[in-house]
Amino acid sequence: MTKNLNIERSKILSGVCKKLLRSFLALILIYPAKPMMSKK
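Numbers 822 to 861, taken from my numbering, label the letters of the sequence shown in order.
Because the hints were derived from the structure by calculation, they are not lab data. It is possible that part of the hints are untrue.
Said to hold, decoys possible - Ranges of calculated distance between the beta carbons of each label pair, as one might list FRET restraints:
#1 K824 to S844: 39 to 49 angstroms
#2 T823 to P853: 42 to 52 angstroms
#3 S831 to Y852: 26 to 36 angstroms
#4 P853 to N825: 38 to 48 angstroms
#5 L846 to L826: 40 to 50 angstroms
#6 L850 to R830: 40 to 50 angstroms
#7 R843 to T823: 28 to 38 angstroms
#8 P853 to K824: 42 to 52 angstroms
#9 F845 to N825: 39 to 49 angstroms
Ideal Cβ placement from N, Cα and C applies to all residues, glycine included.
Construct all of the structure, not just a fragment, from the sequences and the given hints.
This is the structure in structure tokens:
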């Protein structure tokens with residue numbers, strides 16, 4: 822029981838971490854371009 826719960830929890834955590842990493846990378850790639858556009 823506990824082993825299965827831990828596996829499910831780790832799966833969910835890894836999925837959340839991947840989503841956070843993707844959004845973080847998107848921010849890093851997109852955010853620097855915005856101030857340059859607004860300055861011009």
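Exercise. Which of the listed hints are not met by the structure?
Worked result: 1, 5, 6, 9
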